[in-house]
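Chains as they are written, first to last, in my numbering: chain P, 28 to 401; chain C, 76 to 334.
Keep in mind that the hints were calculated from the coordinates and are not lab data. A portion of the hints provided could be inaccurate.
If you anchor each label on the Cβ, the simulated ranges turn out as follows [said to hold, decoys possible]: (1) P:L168 <-> C:R282: 44 to 52 Å; (2) C:L186 <-> P:R283: 23 to 31 Å; (3) P:V387 <-> C:S258: 35 to 43 Å; (4) P:F261 <-> C:F238: 21 to 29 Å; (5) C:F238 <-> P:A257: 31 to 39 Å.
Far from chain C, by Cβ distances over 10 Å, these chain P residues were calculated [unchecked claim]: (6) G80; (7) W142; (8) L178; (9) L226; (10) D237; (11) S265; (12) F273; (13) N369.
Just a sample of chain P residues kept apart from chain C, beta carbon distances all over 10 Å, derived [stated by the list, open to error]: (14) A79; (15) V95; (16) L192; (17) R267; (18) G344; (19) Q362; (20) F367; (21) G380.
Yeah, the Cβ is synthetic: ideal placement off N, Cα and C, and Gly gets one too.
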Amino acid sequence: MDESRITEAAPPPRLDERLSRINWAQRLMMRPDSGAGVGVVLLLVFFAFAAAGSGMFAADGIMNWLHVSAELGVVSVPAALLMIAGEFDLSIGSMIGFSGMMAAIPAVYWGWPVWVAILFAFALSVALGWLDGYLVIRTRLPSFIVSLAFLFILRGLSLALSVMLTNQTIISGVNRAAKGDWLAPVFGGQIAQPVFVFLAHAHLIGTYRDGSPLVSGIPMVMIWWVIIAAVAHFVLSSTRFGNYIFAAGGDANAARSLGVPVARVKVILFAATAFCSALLGIAQVMEFGSAAADRGLDMEFEAIIAAVIGGSLLTGGYGSAIGACFGALIFGIAQQGIYFANWNNNWFRVFLGALLLIAVLFNTLIRRRVTGER
Amino acid sequence: MDMPLIEARDIHMHFGHVIALAGISFTLEEGQVHCLLGDNGAGKSTLIKILSGVFRPSKGEYLVAGRDADFGSPRDALDAGIATVFQDLGLVPLMSITRNFFMGREPVRWLGPFHVMKFAYADRVAREEMRRIGIDLRDPEQAVGTLSGGERQCLAIARAVFFGARVLILDEPTSALGVAQTSMVLRYIHQVRGKGLGVIFITHNVRHAMAVGDAFTVLNRGRVAGRFRRGEASIEDLQGLMAGGKELAELAEELGGTV
């Protein structure tokens, strides 16, 4: 064989002189969630001045906006994962109302033990989320349309079933039924109460006249937010399933040709999103002691907005779970900050819309940098 | 002589009334780069889809390492060591090099209910395999989208080689590349041959084929128009056969040069 036509070994690797090595700051800039992280800090600084002296940064003030963020974060994190896998779920909000009803009606009207009612609501919600995903895969319709159908079906079911079974759309008395139940506090309870009693005694946080602390404990929904975010971040960044999620959303055909079970990944994520929506619905019912058929209205949009603000690409293949948490934080800080600053709260929607637009533009820019497109 | 890696005998392929392949025979030996040349519509794509398990031939024998191959899917072909790098490369531009390299074949260990990816190992392998080709990665975590076309092609080939391919089918790997990028890919094909793999190199660029090919099969309208070993044919011969004869020569005369 004529070996002279091509040199045998590859030349020693050399760096292209047009490429400079990237430093950690640039690498940080490349992350999908860094923009939202900066946004959280800027917003906190802004309200530190704009809402100064309003109590926004006292213990009860912080609890107030963190609670809003936590509720959104519980659903924005799975929404982000689903978006990275290339799909949407518009039924998140309806699922919150539906799952709450499905826990409250058996517990209050049928006399089921509350823990059985909770498990029943979870099972039903996850099954419906699975069905949503299965239909998306089987019909190959855009998930936008399929889950939009579920948005209406589930909201309609929540209202119709509650009227049919109980003749009303608000079910109260769940707190009485849940008294002594072992599972209800896992979703509606609080932890770390002694810490706050101690802080109140030390005059580090505000108290009521009777000396009990203004903040009595950390609500479980915040703990769930942290757990869901930590698991989602770990799965996305460190596991094989995370690689499947990126691949499914980045290029489903390429992923399939290499043996990635794209359909299974998507269906699992739809079911997980339904699970988290149900978790929020059930947590609200157990915390407030009542269920209402219109709970979670518009939450699907808020979850998607938080995911996008957090750096997830609408077209899939790119994003982060931590970013979705930052998105939820921005949402909570802005919404409650405007209230603390004593402005007309209609400005919140203007702010949110503008922020969404900026985030989308910013994400597109980052994606171009990451992929080297021009 | 050794058993050929791939032997196809008298392959026919019909799609309804359309005869895509009308009796093609083709062999590939170890350490051989066999170029498959032909103009658009000559049957190159159909043939490689049969070899890579996408289609079953309508008629004819297909032997892999001497044994009858009856592939039901590309996965079967892959398990038999026949890896195909199609033009879309099977890469996701937004994902990192490491994540792409191991896509669908992630190295994992168990941690409770999770399959945790061994990123340290995966990064090392990706960097090492790319370095072998002569591509020094700044960072195996950088997105594939930042690589040049030639680098992406090499990554796709390196991935197939790493996962144990014995036969590589490359579908027009140089068609969209510039001069420097093309030579990078051709050099890598040469390197892969040195490891004893068989390479089927599909192209319609005769110069690229001549640069690395050991054997050449020219297809025209579903038939073999010519078969050569290295040195038996000139660029002009091959080009003439691909175009089905005279047209190019006439055109060249008209334009006063070679095409």
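Hint check:
One distance hint, 44 to 52 Å for the beta-carbon pair L168 (chain P) and R282 (chain C), holds here, with the actual separation near 47 Å. Evaluation of the 23 to 31 Å hint for L186 (chain C) and R283 (chain P) yields a pass: the beta carbon distance comes to about 27 Å. Distance hint check for V387 (chain P) and S258 (chain C): the Cβ-Cβ separation is about 41 Å, which falls inside the suggested range of 35 to 43 Å. Evaluation of the 21 to 29 Å hint for F261 (chain P) and F238 (chain C) yields a pass: the beta carbon distance comes to about 27 Å.
Separated by about 33 Å at the C-beta atoms, F238 (chain C) and A257 (chain P) satisfy the suggested range of 31 to 39 Å. Every CB of chain C is more than 10 Å from the CB of G80 (chain P) (nearest about 46 Å), matching its label as outside the interface. With a least CB separation of 23 Å from chain C, W142 (chain P) remains clear of the 10 Å interface cut-off, as annotated. No Cβ of chain C approaches the Cβ of L178 (chain P) within 10 Å, the least distance being about 29 Å, so the stated non-interface status holds.
In this structure L226 (chain P) is separated from chain C by more than 10 Å, as the shortest Cβ-Cβ distance comes to about 35 Å. Distance check for D237 (chain P) against chain C: the nearest CB is about 45 Å away, which clears 10 Å, and the non-interface claim stands. At the 10 Å boundary, the C-beta of S265 (chain P) falls inside the reach of chain C, the nearest C-beta of that chain being 6 Å off. Listed as a non-interface residue, F273 (chain P) fails to keep its Cβ farther than 10 Å from every Cβ of chain C; the least gap is roughly 5 Å.
Against the 10 Å criterion, N369 (chain P) stays outside the reach of chain C, whose nearest CB is about 44 Å from its own CB. Every C-beta of chain C lies more than 10 Å from that of A79 (chain P), the closest at about 42 Å, which supports listing it as non-interface. The claim that V95 (chain P) lies off the interface holds: its Cβ sits roughly 31 Å from the closest Cβ of chain C, which is beyond the 10 Å cut-off. No Cβ of chain C approaches the Cβ of L192 (chain P) within 10 Å, the least distance being about 37 Å, so the stated non-interface status holds.
Not every beta carbon of chain C lies more than 10 Å from that of R267 (chain P), the smallest distance being close to 4 Å; the non-interface claim is violated. At roughly 4 Å, the least C-beta separation between G344 (chain P) and chain C is not larger than 10 Å, which violates its mark as non-interface. With a minimum CB-CB distance of about 32 Å to chain C, Q362 (chain P) clears the 10 Å threshold, and the non-interface call stands. Here F367 (chain P) stays apart from chain C, with its beta-carbon at least about 39 Å from theirs, past the 10 Å limit.
Listed as a non-interface residue, G380 (chain P) keeps its Cβ farther than 10 Å from every Cβ of chain C; the least gap is roughly 27 Å.
When each numbered hint is compared with the structure, violations occur for hints 11, 12, 17 and 18.
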